[in-house]
Amino acid sequence: MSKPAALVTASPDGDTTSKAGSAASPVKAPSAGAPTTAVERALPAKVPLNQVYALPAPIRTFPLPTFYPNNPISLLHLAYAWLSQVFRPPPREPSVVHIGIWDPETRSVHVRDDASVRALWEQGFYGKGSLSRSEPNWLKRELARRGSPEGKTVSEARTELRREERRLAKWERAKAELEAIERQRLAEAAAHAAATRVAEANGVLDYEPVNVETSRSLRCSVQPAAVEHSPADFVAETATQFPDSIEQTQVVMTDMPPACRSLHHKPPVGPAELLALPNSLARSDGLPGGLSSQQPSQGRDWKAPVGPAELLLLPNSHADLISRPVSGLVMIEMGSGALGQPQLRTNHDTNAPVDGEPRDDQFQSNGAVNGHALKASDPNGSSHRVDQADRVSIHGVQPSKPWKGAVSPPSLRSDESVSSSAQEEDGNISQPLKRRKSVRFSPTVQSTTFVHSDPPSPNRSSGVPAKSAGPALSNGELMGQLDVTRTLAAASQAAPQSSSDLVVSSQVDLGEIENKEHFQLAPEEAFFLVFALGALKVVDPVTGSPISTEHLLALFRSYSYLPPRPAGSGLRPDDPFLVNYAVYHHFRSLGWVPRHGIKFGVDWIIYQRGPVFDHSEFGIMVLPAYSDFAWEGHEHEAPRRSWSWLMGVNRVLSHVLKSLVLVYVDIPPPNVFEEEMQRGGIASALKKYNIREVMVRRFSVNRNR
Amino acid sequence: MSLDDDDNPSLAPPPSTTTSPSSPSHNPPDAVAVATADDLTAEDLIEDEGAATQDFRAFAASLSRQQQQQQYRKTPGVSAQTIRKGEKDFESHGTRAQADALEQSRNAMREVLSYTRVHPAGAKVRGWYFPDWWEGYHEEEEDDAAGRAAAVGGEEEKERKPFAFVRERVVVLEGSSVASQALGRAVTGQAKDRPARGRDWLLPEEALYLVERGSLDLWWPLKGLEEILPPDRAVASNEGGEEADEYEQGFPLSLQAAYALLIGNDGERGKISLQKFQVYSNLKRCGYNVLRAPPICKQPAPAPSQPATTTLWQWFSSLLTTTFNQPPYGPLVQPGLYRSYASIYRQLALLPRHKPSPACSASASPPTEPFTIHYNIWKSAQKWTKLRHPPPDFHLAVVDAQQSSVPTLSEILPLLDATPPAPGKPEWTGLGRVYARLKHGYRNVLIAVVDHGVINYMRFAQGTFGVEEVYGSPRRTNYY
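Protein sequences, first through last, are from chains D and A. Sequential numbering from 1 applies to the first sequence in the UniProt record's numbering. Sequential numbering from 1 applies to the second sequence in the UniProt record's numbering.
Extracted from the complex, chain A is given alone in its bound form (with noise of 0.2 Å):
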């Protein structure tokens, strides 16, 4: 039984978890049957609430586990993931217990804090921040609908590479690294003789990201590129020659100065804001694969073929259905016998329901900013590259809590608009699944809204209730 709303059965653990699986005679085997079999969904209910709080022993346990399992696996069957994260005690019990499991998971976080990081060296690039290489560089706005046929029909992509916001790159990258695969671009169709050709060319926000994460040395060039990377790629053989002077092509950037450097307005070219940061780190550090949105496309037409494709019944029943003479001041329906709800029904639709159409809507105007696409979103995938990869899984954009409020109708419908069409799956049909229907919506898009660093995402779905007719429910006429 489900006891309230606000404690969830799924969550209610067996009384003996205050146990720890230190002591297994109080933990009873069904219990931990119960914990394997709905661990799924406690976890993926409580992670929204408790991501804050670790569980160092789960952790500990899914680091190592070749080295933990005597520790931490000591009941056969209890995998590390049956220990559970989000039941506290509130107040210690004076039990042994209690204390033995708290001093476990003190000792399990010592021992992931401990944890000796190693940084092979292939895991750190150099970059160096030449933020106005750039500068005078003009790249053609690529359509974004060819641009998605490309990338879907698959043969003709190499021709058509994703928009790579050239002006905004302003770190060069070395050499590679593992971390660095996905990111930056080189940019191609240059002369043999360029400088620093072939190399990666980092987003702000890539840079940033890589530096936080230790597997960037962000340095301050005090030659030109031209000297620092010739275009001879010379560079990586006599790499060992130059160690000696080293620090006469420029010094080591901290991660303040990188933060400094990297981090600014919006339209700062070459910087990005705070929150955009924020958002792309979290949103890395959560396996996603993001890109930059490429700016908006602009539809050529919106499809003026659309009202001529009625077909002649549809004419010839519209001339059935829509000769209502609605008097001014009703009723509605007009008093008479009636066979069927669905005609009474149909003399009540007044207002204008919105269908929702693959087309822009009327609506022609842009996304303003905030309210745009910032982000293309991937889930994390293996055939996934920063040049060849399937239509994106999220649109999202990036908002500050305080500067801005809930979007007006003329700030979200364009947003919406400038996603593709993403109705549900077409398994849903039906009246049992009007409601998945309903909730999923015609297109969608994630908000990112910041408030002082932190995140809450907000999907906004466009909705669709114009073209579910509720009242036609079987049910209301299967009286039993």
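Only chain D is shown next, with the shape it has when bound in the complex (with noise of 0.2 Å):
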């Protein structure tokens, strides 16, 4: 919750930016014309992760059935099965020979097809999806962005789940510690009166808004929300101050984790809430006055904010406004339903103060923004698909407009249907989960006045809408790349639709998403499926030719150099591909799961079972070691590693859980390894190196005694 989730950034020469940003910014919609390469797996609600993963390597066994000696029906359900198996034998196993296409940009070796690619994945847990953490589910994670049920269950969707709950709590757990001061202090002040029966007490604890005519806008968004008026509400008052720069736009935004739907408490994290705590309330009189002048001056350079001073001034939470002259047009795109909502005075929605779930919103979002926004002139429904889409951005103002910021609490933005070019004066915006930062400039700017003491949004809701209906009917055809953000703030403004209509449209666009994804293998996974099971045969990716095993062997070592090694002199025993494999294979073959474990500060870490089942309880640094003598003739450097080294790869390995192993490779001298590469292969000179496991961890001498 200290970071702040949403930048507003503004340059002089924004509108090239602009342009380039949402060209560049990738369009979830994807042309309508894309091939399908999607495949459907049909998975049933709930597959036993045992079953997908029921194999521990690409190869099939086929188990007789268990002889009972007490049940004689059981030989001869032995009988069958063998007898079966004799005449009509399963193919030879490995049966499916997988196909990967050697990548030298990315020194890794891709695989395309989506079966190799699940068989992969779920026997034995080999490489990792271009564009996922690990398990190659963009396609699910995509379908579920776009509103499908089915990719609810991916693993970086619960990740961010279980991130919200944490934070929720965590957020609970703060509010509950402001709480429990607050109530001491007011215990002791009322102890404090009553026992003097001074009114100067009060002075000291008295809650008064410092800067009551300029937050009067927050309280106008406020109030439906927070029905007590609580200590956090005075902090929330003290921390929003105005400068008062008519000429100056201003942008006022919010970050708000979904904890804070209401604005009763804070946990005191951001800056200016740290200086609005009570205890520092004899100096919130000053507070105004230091924080306008921190800030950069109202000139028209409004500059990204880079400084401290600047960073401390970004917007933390809900509460921590900060308003901000802004000389250029600022558009801020939040995440999703990061509109700003215009209407929100006089059609909040009351019921649904804390109920919209976080995954949802993001997840409905891309349906709306792929062209639904279309069919939006429906004019009753569910537009809050629409306007919690992702990519809406959020159009500053014109200079010579003064217009002022306020907030919406959270517990207001859930459901309305809201325009969204009204934004462009409003910047009324709610800053919603899922946080996507980037920058947009409108087109067109619209001109209003308003009087500083305005309500935030005059008729914010009336006048607009007519206004960007016609656009967004009209371009609506040619959705998509430029447009997008455009036409579904129209859209979402103008027609609400309904629901079934969405799912309707939705369900058609399912298929239409074309896979960017693809699983890449490291050069050691690629190696042992190739040199060890069988199972992979990797192409060369200019002829489509297949490599040969020993030729594969000699280009993973050259590439294992930065500029890679011509194969034929520079390579070594001590290859950094050679000694990775020699590990890898070594554990593979114990039958653990290795996985290069850069993630967590190690070369390898190692699962039971793999990494849907289990954590992995090692990580594994891999020191390479010389110690044969006849090492002593040839150039070789050993890693001469430092103790602040090992204690720092301890440090952040015991904060996830695991343990350090150190596995020790001995290598071959170079004359044992080429004789008995000469004699036997990679497959005997494997048989020289010698691996060595210690383990490590801090001892405590406080505990042990």
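There's no promise every hint is true.
As the list claims (entries may be wrong) - Calculated pairs, DSS-like style, for lysine-lysine (alpha carbon to alpha carbon, straight line, at most 27 Å):
#, chain 1, residue 1, chain 2, residue 2
1, D, 175, A, 223
2, A, 124, A, 223
3, D, 170, A, 88
4, A, 439, A, 355
5, A, 439, D, 687
6, D, 599, A, 88
It is worth saying that the hints were derived from the structure and are not from the lab.
Build the complex from these two chains, which are given one at a time in their own frames, with help from the hints.
Spelled out as structure tokens, the structure:
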């Protein structure tokens, strides 16, 4: 929560960046004519993981039925199974040889066939999806984001949910702490007052808003949600201040975790909140001045928030409102549901304050983006899908118009049908869960004039929709690249459509998604599949002809150096590939599932069954060793690792509840290696690699006595 | 719910613990109950990080519970241990309770610091610095394995004392005190007319530890040992008479002088390196019993009978299993029909797997400095004496963080081989405890990494991955 999740950026050359940004940003809607290569895996609702990942290797086994001596029929069963396998033998395993394409640029082996991808992932957890964390589920996530119920269970989604829960719980905890402090303070104040009977105690403990007239807009929007006046309300007010620069555009934005749906109490995490904590009340008078003095000069040159002062000023939470003078056109694109809601004050939804489930917002959003804005002429219904769309830009305004930023409390933002081009003047943004930051600039700039004391968005809902309904309907056909945001904005405002419409259309859409993801195998994994299991064939990317195992080994070895070494001379027995492959093969052959561990700061992590079943318990650091005396004659550099290196690795690993294993690979000297390569190929050369594991952990003298 | 990796739920205080125990009305009884329930784990978890931050309230409460009872145990049932350290308020939030807690903690600290330290007469002993007395002494290096067996056996142990490092002993004690009970060593086998016969001689780290502790008065002798501690043991009787000319025999040394005399480089006789002394003193203060490890035993022979013990069945089964003809460039798994994954994984086994065994491995090279065992460590136990004690609980090497680096294979293997096998608990069987077995390892050694006085203890254990084949996990075939 301490991180500002959304950024307001603008630059003097905002127009060019805006175009570049919108062109470069990936448009979620594919072109309509894209070939459909996605294979719908017809998964039932719930398949046990043990069935999906039944095979530990891409080789099937055909165990014979068990013979029970006390059950003679089992002998028949056994005989039948055996005879059937004799007369109609199953294909020789590995029956399927997958095809991988060597990719020299990424130094990995790509697999494109979907069946192969699933097989390699499910039977031994090889490889990784190029757009996924590990399991190749980009397509599922994409489907889910567009409203399909299928992909809700991808691990990324669950992780997101869990993080959300944690954040919520943390927030609750912080709130409880703050409340306890507040209670304590009140009790003490009461006791003090009762004891002394002096009114001056109130001077210390008074909750007097500091800047009443500037925080009025905040109050306007806050009141519906904040049913009770609590100290936090005061915090919100003190944290907010508006410099009275009428000429300036102010963009107010908030970043609000879902837990902050109500404004009652906030954890004191933001700088302004910390400053506004009740104990610093005495200094709170000075707060606005201090903040505004830190703000960039109210001129036209608003810079990106890079300096410490600006970073500190970035809004941090819902109540942490900071108004900024912005001279250019400023558009904030928030995440899903990032629309400002002009009718907040008029038609806020009172019955769904906290219920918006975060993932829903995000998943359903892209379906809306994906061209359904055209159908948006349906006058009634569920525009909440639309208005929580993912890629809606919020358009800032022309310079000479004063407008007041106001915050909409998150409880209010859930289900209104909102216009979006209205936000162009409004800056009335409620920050959603999903944070995706970019800046857009509106092609059209509207100009209106507000008096500073006006309510935040006067007659917003009436005028603007009519204006922007036209463009929405007209350019709906060229839905897509550059106009998505605008069209969507218009559509979402103009035409709430019935939810059934949306569902149908999104169903239509699901088949059209092209799977942009490919599967990539690390060289060690690919070589294990080729050399050890024979379940993979690697082909040349140019000619398409299969690469022999011997050549593949030379290829991987030469590419394990950063400028790839020529295959003939520069290869040595301590090639990084060979050392790593020795470790990989060692643990694979013992039944472990090794995966690259760069995310944990180690070389490998090993799972007992696989990442979907258990957390890995060990992180592995590979240390080549040159203990053979014959190495004296060859130049080699044994790695000298400092102790701080070890402690750092160990700290990181113990933080993720893994224990460190130093794996020493004793490398055979070159003459032995070459001899073995001549004699029995890599199979016998690998036998000369000696592997010793050393488990490392911290020892606490206080805990072991 | 565990909130995050970095905040531990057991450390997370109940929200009301910002109020100190002085205001028990805000300490709900259930929160107190929770605090006592997970007190141990919380302590365990805290101590690692927050060892530097003392909670003086807890300290004061345990120091003299009787006097402090009224002050610190207002709520019945809240013991001093429930006052937990580790929770910090990062700012003052203006409540009186917070200020009170702070003030109370300050008072407790003052009280602790103002505690009157009494040095009873028996707690202090005088020692004389005679660095060269044992220089020419030759002590036969005992066989370590036999010594261990003797220590376990018990009866014939009086013949065989632990290696004493007599040449290193530089400080002779006049008497004995409580603190020096477990330290020092009397050199036996001396003639009756030798001076200081039967007196305890201290190693430099022991002497310095006692000096630092305040229980040893180290003196520089002006006369010879024969005059100071004559062999007739009459010193104790006429000590009162010698009171007048005490300073003719020598003069007391300051702590700085003791450091200067006793701290040296590795390998200097009669001195000890600063890192080793820091580790020694840290361990002693933590309550361990620490002795210098005897020099590395010369292994007589690495058990030549080991390969001969293959049974007929082993030989027979080896005939059946090891005959894979592995093609030079794979695939290792021959295409075919497989009944079980065990046969597949057996074909995959290519690299030699290390099987830990009690015998020292083939690398018979002795450990190299600094990766040798310097100290043997025992947990504090009742029946430990400096002469008879069980085999040590830990073996420790002391290295300097700046001068050395992470051990290479040729450094760590001899170091591990120098320790006796210490496999995990016998009840750790089955696949459910495979992690416990693997993490424990077969042999283990502690390495104290000293970086300018900051000590980090690391435990290195010999991995046993080679004997744990996890592909045979029954969970794999158990589909539901």
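Verification of the hints:
For the given pair, residue 175 of chain D sits about 74 Å from residue 223 of chain A by alpha-carbon distance, which is inconsistent with the 27 Å threshold. At most 27 Å may separate the alpha-carbon atoms for a hinted pair to count; residue 124 of chain A and residue 223 of chain A meet this at roughly 22 Å. The straight-line distance between the Cα atoms of residue 170 of chain D and residue 88 of chain A is roughly 17 Å, inside the 27 Å bound, and the hint therefore holds. Distance restraint check for residue 439 of chain A and residue 355 of chain A: the Cα-Cα separation of roughly 16 Å lies within the 27 Å cut-off, and the hinted pair is therefore satisfied.
A distance of roughly 26 Å separates the Cα atoms of residue 439 of chain A and residue 687 of chain D; the hinted pair therefore holds under the 27 Å criterion. Pair hint residue 599 of chain D plus residue 88 of chain A does not hold up; C-alpha atoms about 31 Å apart against a cutoff of 27 Å.
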